[in-house]
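Asker: Sequence:
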Amino acid sequence: MKVSSCYTPHVNIFQETRFGSEEARVFLQNCNSFNQLKQIHSRIIRFGLTHDQLLIRKLCQISSSYGKINYATLVFDQLNDPDTFTWNVMIRTYNTTGSPKKALFLFNEMLCNGFLPDKFTYPFVLNACIASDFIDFGRVTHGLSIKMGFWSDVYVQNNMMNLYFKCGKNVNDGCKVFDKMRVRNVVSWTTAIAGLIACGKLDTAREIFEKMPSKDVVSWSAMIDGYVKCDQPIKAFDLFKRMLVDNVRPNEFTLVSLIKGCTDLGSLKLGRRMHDFALKNGFELGPFLGTALIDMYSKCGSLDDAVKVFGLMQVRNLATWNTMITSFGVHGYRNEVLAVFEEMVKANVVPDVITFVGVLSACVQMKSLEEGQKYFTLMTEHYGITPILEHYTCMVDLYTRANELNEICAFGDTISASTKANHNVAELLQESKLTCVDEMEKLIHKHCRDYDLSDLVLDHSATPTQPNFIGSIQIAS
DNA sequence: ATAGGGTTAG
5 MKVSSCYTPH VNIFQETRFG SEEARVFLQN CNSFNQLKQI HSRIIRFGLT
55 HDQLLIRKLC QISSSYGKIN YATLVFDQLN DPDTFTWNVM IRTYNTTGSP
105 KKALFLFNEM LCNGFLPDKF TYPFVLNACI ASDFIDFGRV THGLSIKMGF
155 WSDVYVQNNM MNLYFKCGKN VNDGCKVFDK MRVRNVVSWT TAIAGLIACG
205 KLDTAREIFE KMPSKDVVSW SAMIDGYVKC DQPIKAFDLF KRMLVDNVRP
255 NEFTLVSLIK GCTDLGSLKL GRRMHDFALK NGFELGPFLG TALIDMYSKC
305 GSLDDAVKVF GLMQVRNLAT WNTMITSFGV HGYRNEVLAV FEEMVKANVV
355 PDVITFVGVL SACVQMKSLE EGQKYFTLMT EHYGITPILE HYTCMVDLYT
405 RANELNEICA FGDTISASTK ANHNVAELLQ ESKLTCVDEM EKLIHKHCRD
455 YDLSDLVLDH SATPTQPNFI GSIQIAS
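In this note's numbering, the protein residues as written are 5 to 481.
Worth flagging that the hints you see were computed from the coordinates, not collected in a lab.
Take these hints with a grain of salt, some might be off.
Claimed, not checked - The calculated label-pair distances, taken between Cβ atoms and stated as ranges, are:
#, residue 1, residue 2, range
1, ASP220, ASP280, 21 to 27 Å
2, ASP137, LEU316, 34 to 40 Å
3, ASP137, CYS116, 21 to 27 Å
4, LYS350, GLU408, 29 to 35 Å
5, VAL144, LYS173, 45 to 51 Å
What the hints assert, rightly or not - Computed list of lysine-lysine pairs in DSS-like fashion (alpha-carbon distance at most 30 Å, straight line):
#, residue 1, residue 2
6, LYS173, LYS215
7, LYS264, LYS312
8, LYS105, LYS123
For glycine and all other residues, C-beta sits at the position ideal for the given N, C-alpha and C.
Full structure from sequences and hints, please.
Answerer: Shown next as structure tokens:
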């Protein structure tokens with residue numbers, strides 16, 4: 005046995021014996037992982053360099069950039085004199101790690117300690133206000149930004165507009181901000197369009213869209229998605245065709261909206277067409293695109309294709325699993341529902357309320373009280389999920405079949421206590437009958453027309469690496 | 001270092 009080939013010497017990134025502020029700075033500059041950062045940090049402590057505020061600030065900033073908010077907070081607390089940049093970094097990281105309220109607390113602390121925000125601080129803070137649904141905090145910030153002279157910054161104004169549209173659902177205030185802006189960029193226009201679409205002002209949004217001096221993918225996608233959301237998929241596809249003519253390359257967002265439009269139309273033909281478009285143009289089957297396709301195929305009647313897409317997906321998220329589970333359920337494949345559920349658990353994906361609606365419904369289809377009880381207990385005790393009306397409805401169904409009167413009565417009390425008066429169980433049950441395939445088909449024929457994209461000519465030889473690949477798509481005249 | 005658009009639901 006050759007010992008030498010097995011022996012790998014321990015690699016130490018710190019070869020120098022001397023480790024001063026200068027060396028630490030260089031190491032931090034070249035640091036490219038959180039683990040390395042921790043090693044450098046421990047060196048800094050061991051060599052007594054913690055008095056160097058610049059080093060500590062850098063440590064804080066870099067750990068933030070890795071999203072390690074707890075670590076960053078510990079470091080931040082050791083700073084005697086954090087600069088505005090570092091405050092900003094901390095506020096942003098609290099936002100991106102899902103604690104927008106803490107971001108606002110930090111902003112408050114920043115002001116109390118006499119630190120002045122700069123033009124970067126406001127966008128972070130406004131985002132935190134939106135995420136926390138704190139419109140009043142946002143208004144105060146608005147006033148502050150004016151007092152401090154940062155009002156004219158486009159970033160500040162765009163975020164302000166977003167606050168009023170999104171958080172306050174306040175069309176007037178949002179539009180006021182937009183009107184008052186002297187300089188607008190694509191984001192300003194798109195924010196206004198998206199804001200108006202939430203508030204239901206689709207026509208006004210379209211007017212602004214047409215006035216836009218230059219539109220990018222996001223602007224087109226926002227408008228397209230608006231039509232899909234407002235139940236006007238045909239208009240969405242018309243816009244999509246115009247977008248291609250304008251040589252704007254669609255992205256995953258655009259396609260997901262359009263596929264949703266196919267689902268709403270119930271058009272398998274158009275859905276396949278969009279899938280084909282995605283494949284031919286080299287789109288990856290990411291969790292959003294894939295999930296939208298699974299849902300489309302399932303609801304348009306082709307469970308086989310839904311399963312195929314699911315099988316091809318490299319990255320799946322919770323919605324992907326839920327959609328597959330629900331799809332099997334709707335099509336009556338209860339054993340598959342449970343199989344997919346077990347696979348999901350094995351893949352370490354934590355199920356949620358929706359997952360168990362699918363799972364318990366499958367138990368009802370199997371008429372298996374035993375399975376139902378098993379999963380109900382798993383849901384409440386192992387996953388700590390509070391049951392919703394749909395879960396109770398399944399359990400009542402199972403207990404009724406088994407003639408377990410005591411259980412039914414117990415559930416009856418729970419349901420009465422936990423649901424609002426306007427929840428009508430009978431209505432829900434009535435609606436659920438629509439999932440029977442015959443009814444679905446009737447509905448589709450009644451309400452949906454097959455929209456044809458045959459005038460859209462796709463060049464199959466186009467490859468995603470060609471930057472101007474859209475140029476190969478023509479609209480036949 | 002900052003901003004706008006997306007999928008699932010008995």
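Asker: Hint by hint, which ones does this structure get wrong, listed from lowest number up?
Answerer: Violated: hint 5 alone.
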